[in-house]
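Model the full assembly from the supplied sequences, consistent with the hints where possible.
Count along the sequence shown starting at 1, add 3, and that's the number in my numbering.
Just so you know, these hints were derived from the structure itself, not from any lab. Don't take each hint at face value.
[To be verified] Result set (DMTMM-like, lysine to aspartate or glutamate): computed pairs, CA atoms no more than 25 Å apart in a straight line:
no., residue 1, residue 2
1, Lys118, Glu5
2, Lys118, Asp172
3, Lys118, Asp202
4, Lys118, Asp15
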Amino acid sequence: MEVLLTGFEPFDGQRTNPSWDAAVAVRPTGYTLTTLQLPCVFDESLRVLENALSTHHYDVVISVGQAGGRPDITPERVAVNLNDARIPDNAGNQPVDTSVVPHAPTAYFSTLPVKACTAALTAAGIPAAVSHTAGTFVCNHVFYGLMHLAATEHPHLRAGFVHVPFTPDQTQDAPSLPLSTTAQALDLIIRTTLETPQDLHTPTGTLH
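Okay, structure coming up:
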């Protein structure tokens, strides 16, 4: 099985980005892995991703982003067709109240088994939770663009997005996970996806 795992370059003054550092630290077992670094830039990130999908066949594509402040590995469930940037991206773009893809659906669901992945992570002792929002910055931009490409051009593709916490060397105050743990989590998410044709029917909803 061919898997593409993407991460982002550093942004917002950080010197590193655990989404990329963990992606290249994954040691695949039972699947073929390609990694791709995306720029933290609206539109350009999707052009890079779209080019990768047009030049090679993948069975699974998982994009990964940094969610500083979150304590858990969080598979994302819903991508929304909205850009609303609180800060500029790495090229100085700061879109507000714009669509990722004009005239496209309001939202897409991940086609990863997000509940099964979260359960597998928890069983392995890795802090994890299903997330119902990927924000409105470049992470959600890529998540939505990826799901739109899957829906319109690559119907065979299973795809989705995962947010990961800071690493300990990035912060003294916010929650963090060692890079090795995050890499282990990404490998487990990939293997669970390949082994799970249908997601679990268990409650992971939130009250607020």
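To see whether the hints hold, each was checked on the structure:
1. Proximity of Lys118 to Glu5 is assessed by CA-CA distance (about 22 Å); at most 25 Å being required, the pair is judged to hold.
2. Of the supplied pair hints, the one linking Lys118 and Asp172 is violated, its CA atoms being roughly 29 Å apart against a limit of 25 Å.
3. Among the hinted pairs, Lys118 with Asp202 is consistent with the structure: their alpha-carbon atoms are about 6 Å apart, no more than 25 Å.
4. With a C-alpha separation of about 30 Å, the suggested pairing of Lys118 with Asp15 is violated against the 25 Å cut-off.
Of the numbered hints given earlier, the model fails hints 2 and 4; all others are met.
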